[in-house]
Amino acid sequence: MRATVTVMLKQGVLDPQGEAVRHALGSLGFDGVQGVRQGKVIELDLADGATKADVTAMCEKLLANTVIESYRVEMGA
Amino acid sequence: MKAAVLVFPGSNCDRDLAVAFRSVGADVHMVWHKDTALPDGVDIVGVPGGFSYGDYLRCGAIAAQSPIMRAVAVHAGRGGYVLGICNGFQVLCETRLLPGALMRNAGLKFVCRMQALRVATVDSVFTAAYAAGQQIMVPLAHHDGNYVIDDAGLAVLQAQDRIAFSYVGNPNGAMADIAGVLSENRRVLGMMPHPERVVDAAHGGTDGMALFSGLTAALVAA
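Chains as they are written, first to last, in the numbering used here: chain A, 1 to 77; chain B, 1 to 222.
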């Protein structure tokens, strides 16, 4: 059982790293990049029977800081 | 005054903090992160700077889940004092003992230099020995010191006079120039600058001394 957690800064929280990437893309000549937000992807290998609720609890407790970050959980095969 | 200084893998200001506590006469105990209890009778817990757990996942996130932090939360919950400096401030935010979070510096660079701070409140044992509005010079050394809190949270900090120190000239993008904040009961302080590095003139300054001497003045009787 595999789960993929995507953690992103919440909308409205300024992302200095994403801004730097946006500037760098502009200076490389990639026009029209209006915004870049950088996050992280965490892949979990889980024992059979693990539920989305389990992974959500992991996000709330450790994987995301919900003061500034939002997360999305996708359960795979 | 009995002080405990926590030691995580990757802490690197733990000994400096112990020296600062000892310089004001504290009985200092170093406490390993896997310990589940603080020494009996501890008045104040110091959460030191450094790179606990290599800053993996988020600065302070993994340290916040260590066994000793559960004991620190109990200590704080019953009115004990806690001082978190730099990575220690990040740990206290991650444990939610303090509000807000510390993000990557707005300039993206690691900032390492002397920084002017304003003592924003003298209503705490940590700041009582300073003059209100006093400007002090304290070293900074961090990559993730950009303090962020939502508008409602910021309004609460301001209304309750819980901003302990503010930057004079913002080095990292921190909201409202916040360098350090107090808990609601004013007994937990987290700050990014390093007062423990300016307690000896031979190290370039003594502006951090009043923080530690103020603690002794308040806690020796306790």
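It is worth saying that the hints were derived from the structure and are not from the lab.
All figures in this text were calculated on a predicted structure; none of them were measured in a lab.
Watch out, some of these pointers could steer you wrong.
[What the hints assert, rightly or not] DMTMM-like cross-link-like pairs, simulated, lysine to aspartate or glutamate; straight-line CA separation at most 20 Å: (1) A:Lys40 with B:Asp55; (2) A:Lys10 with B:Asp161; (3) B:Lys109 with B:Asp177; (4) A:Lys61 with B:Asp151; (5) A:Lys10 with B:Asp150.
[To be verified] According to the in silico footprint, chain A covers these stretches of chain B (three or more CB under 8 Å from chain A): (6) 53-65; (7) 86-100; (8) 104-115.
Note that the Cβ used here is the ideal one computed from N, Cα and C, for glycine as well.
Structure-based check of all given hints:
no., hint, in the structure
1, A:Lys40 with B:Asp55, "holds (15 Å)"
2, A:Lys10 with B:Asp161, "violated (27 Å)"
3, B:Lys109 with B:Asp177, "holds (17 Å)"
4, A:Lys61 with B:Asp151, "violated (24 Å)"
5, A:Lys10 with B:Asp150, "holds (11 Å)"
6, 53-65, "holds (count 5)"
7, 86-100, "holds (count 4)"
8, 104-115, "holds (count 5)"
Checked against the numbered hints above, the structure breaks hints 2, 4 and satisfies the rest.
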